[in-house]
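Turn these sequences into a full structure, and let the hints steer you where they fit.
Note that the protein sequences, when read in sequence, are chains A and R.
Residues 0 to 356 in numbering that gives the first Met the number 0 are what the first sequence spells out, letter by letter.
Residues 0 to 440 in numbering that gives the first Met the number 0 are what the second sequence spells out, letter by letter.
There are no misleading hints in this set.
Which chain R residues stay away from chain A? Per the calculated CB distances, all over 10 Å, these:
(1) 10
(2) 12
(3) 107
(4) 272
(5) 312
Simulated coverage check for chain R against chain A, where a stretch passes if three residues somewhere in it have a Cβ under 8 Å from a Cβ of chain A:
(6) 322-336
(7) 358-372
It is worth saying that the hints were derived from the structure and are not from the lab.
The beta-carbon is built from N, C-alpha and C at its ideal position, and this holds for glycine as well.
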Amino acid sequence: MTDATAPSGQALNIIQRITRDYSPLVIAMVSLFLIVFVAGAVLTDDFLTWFNVKTIIRDAALVGIMAIGLTFVTLSGNFFLLSMKEIAALSIICFATLMGAEWNQWGAPGADPTTYSLAMTFLVAFAATMVIATIAGALQGALVGLGGNPIVVPLGAAGLFFGIGSWWSDNLVVSYRRPHGAEWLGTGSFIGDIPNITVAFVIIAIVAELTLRYTTFGRQVYLVGANRAAGRATGHENFGMAIKCCIIASLCAAFVAVAFSGQVSSAHVNYFSSEFGSSGDMTIMVIAIVMVGGNSIMGGYGSTLRTSLAAVFISSIDNMMVLNGFNSGARVLAVGLMIVFSIVVFALVRRGSRSVE
Amino acid sequence: MAAQPLLRLTNISRHYGAIQALRGASFEIGRGEVMGLVGENGAGKSTMVKIIGGFDHGFTGEYFYDGEVRHFKSPTVAEQVGISIAQQELSLIPTLSVAENIFLAGDGVPVFASRGYLAKKAKPFLEEVGLGHVDPLRNTARLSVGEQHLVEVARLIAHNPQVLILDEPTAALGETDSIRILDMVNRLKEGGKSVIYVSHRMDEIFKICDRITVLRDGESQAPRAAADMDVNSLVELMLGFELGDMYPKRKPVTRSAPALKVRKLWPDGILEPISFDVYPGEILGLAGQLGSGTSEILGAIAGSTRTRGGTLNYKGKDFLPSRPKEAIEHGIAYCSEDRKYDGLFLGRPIMENLSAPALETTSNRGFLSGFIYVSATTENAVKFTVDPKRVPRFTRSCVALPIRAPPSWWRRQTFRKSPTCRTGSSVSTAGSWLANWRWKR
Chain A
0 MTDATAPSGQ ALNIIQRITR DYSPLVIAMV SLFLIVFVAG AVLTDDFLTW
50 FNVKTIIRDA ALVGIMAIGL TFVTLSGNFF LLSMKEIAAL SIICFATLMG
100 AEWNQWGAPG ADPTTYSLAM TFLVAFAATM VIATIAGALQ GALVGLGGNP
150 IVVPLGAAGL FFGIGSWWSD NLVVSYRRPH GAEWLGTGSF IGDIPNITVA
200 FVIIAIVAEL TLRYTTFGRQ VYLVGANRAA GRATGHENFG MAIKCCIIAS
250 LCAAFVAVAF SGQVSSAHVN YFSSEFGSSG DMTIMVIAIV MVGGNSIMGG
300 YGSTLRTSLA AVFISSIDNM MVLNGFNSGA RVLAVGLMIV FSIVVFALVR
350 RGSRSVE
Chain R
0 MAAQPLLRLT NISRHYGAIQ ALRGASFEIG RGEVMGLVGE NGAGKSTMVK
50 IIGGFDHGFT GEYFYDGEVR HFKSPTVAEQ VGISIAQQEL SLIPTLSVAE
100 NIFLAGDGVP VFASRGYLAK KAKPFLEEVG LGHVDPLRNT ARLSVGEQHL
150 VEVARLIAHN PQVLILDEPT AALGETDSIR ILDMVNRLKE GGKSVIYVSH
200 RMDEIFKICD RITVLRDGES QAPRAAADMD VNSLVELMLG FELGDMYPKR
250 KPVTRSAPAL KVRKLWPDGI LEPISFDVYP GEILGLAGQL GSGTSEILGA
300 IAGSTRTRGG TLNYKGKDFL PSRPKEAIEH GIAYCSEDRK YDGLFLGRPI
350 MENLSAPALE TTSNRGFLSG FIYVSATTEN AVKFTVDPKR VPRFTRSCVA
400 LPIRAPPSWW RRQTFRKSPT CRTGSSVSTA GSWLANWRWK R
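Here it is, written out as structure tokens:
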């Protein structure tokens, strides 16, 4: 028999394992990305300074958290939640309105705000925002889980959420006074000078990855994504998974909205459409990160760890281009090229593995 | 030169990573000969077929076709030379007509051809495969699976191949359709074509093959005349040891209290409700052709087919599963007909496949327990003859090869539900089995 000759799984070193598990194309793509990264890092002045690294990760954090949430939806085979930006828009309006609401000001009237009153105002607004995001996610998840088209349902829901947010805020900027409780999340830092939003990003990335790897829920996400029919046959139905994953994505979007609002002490429905990231449009940025992270669009393969790394990677490239004086058009182009590149590579890999079957 | 075989492969070796699929195997086929290619799962049949058909060119060894050395770089080249391969899985376009499917490749017909012209041209090929009664303009999706297989072969014949490889053409077919395929093979043979016939059905092998080549662990046995062999000697060659009997002796079943009572079960798609009992230790066969409703009955018991009514009684509980999840909770293991559709999570590790229906048993408060998980899945993998070496690897096509689960195992199951039985199915059944299996600490 082959027992004696075949090397056991443990005996392989890391390079052998990589070449066994990944196609040469993927290895080449990742290597190319790394080479670009290293070359850029060496050639760009001021890139490898502590201040700049902090900036990169802080920029990566907001889109990264959203992308991690979206990864759950994608892995479970429910395509992309195309309403990420609108969920965030509705959430930021809800949050800012409640932060500024008369009834939500805790502590004695006229007196200086205390830590307690700031925290209470923040927590009430935060909780309400999360409830709204949960409802938004569950609504879309249920429709998709019942068999709604995973592209059309979120697009329709996007209009709904944006409309509500726009109507609620009269399409105006909703601002609230500093000091407020969201500053801590948006711009504060409690570990040295590392921004709290960066810490949140790292924690969410770790928790998400562990959830996917070591919980039954995570396993179900992969299984339902890999083969929906087999998932049903083995007792894991997409209905529940779609709802849960959409809720996770919505909560991540709402969390980012709260953090962003905390940075600017205001809200407007267009914050995530026009003034965000290099390409300006949050949904596109988030999808770009999920794609560049190499997650399968059809679901079942990928991980939030890859998504997190892709967020940092895209943010670094963006940062390098800023430092080298490229304008925003060139930066959008770079992000677009990375997406196209990774789509092509993964499509080729997919085709290659099919012809073997 | 009369003894010169048409196609001859000698000393063929091929390895995929650490797995040695073929080690110095040889194969030959003469003109107008039907050569059976048999072997256990993983013996290298598919690899051999792929090499012959030009799908796999990473092998070492010698390949002679018609006395010339060949090394095909792609299946297209092999097809031009005259070697065509009918894959196990259908590659027809269901929305096109039969005639359009036959001339899919577009050669031999003008660029702008009317449907009527194609139909006229397709007719002789259809007659050749025994589908003379089928209208060439009919939509392919409206044919039975067996007829679709025949259409696929007709498409290959349209290229006028000298060697035709049929990779398990009857695996998914009922009796009538299988007979059509066998008739067609005989007609091809009379027409001087060479046919390589890969199958697990012993009766077919002996019915139509002139000679049989047995592969075992990537090595080939010299081809033997089918007339000199019988089922037992062939199985012995495949396994490498004496089996005694192909099927173990049946234990007498005492029919006192049924293990499963099915009462007035009425799945969608069958005409009237059905009732039957299954007793402990009994294997109950449900016979019927494709579309006769046997799959629907099994599907209804497993909760995957809609039902109009009825009850099941298992372990003293009355229930009617409306979803597979409920059936699994009640202790029903179901092995689906189409493993690629709803039997396997291809591309996910085998370990995950094995434990998919059993996440409850292999986890602790929502967290997967590494210890229970690994030991339970490995133990069950062995029970179901899934090579434990393959377990940590990815489920790739190699595992989707057909295999017969050992009869010894089936006796352990109270009842079995599977129209076909394959490794892939073994993996999925093993999982369902595990769902109701407790780890003994």
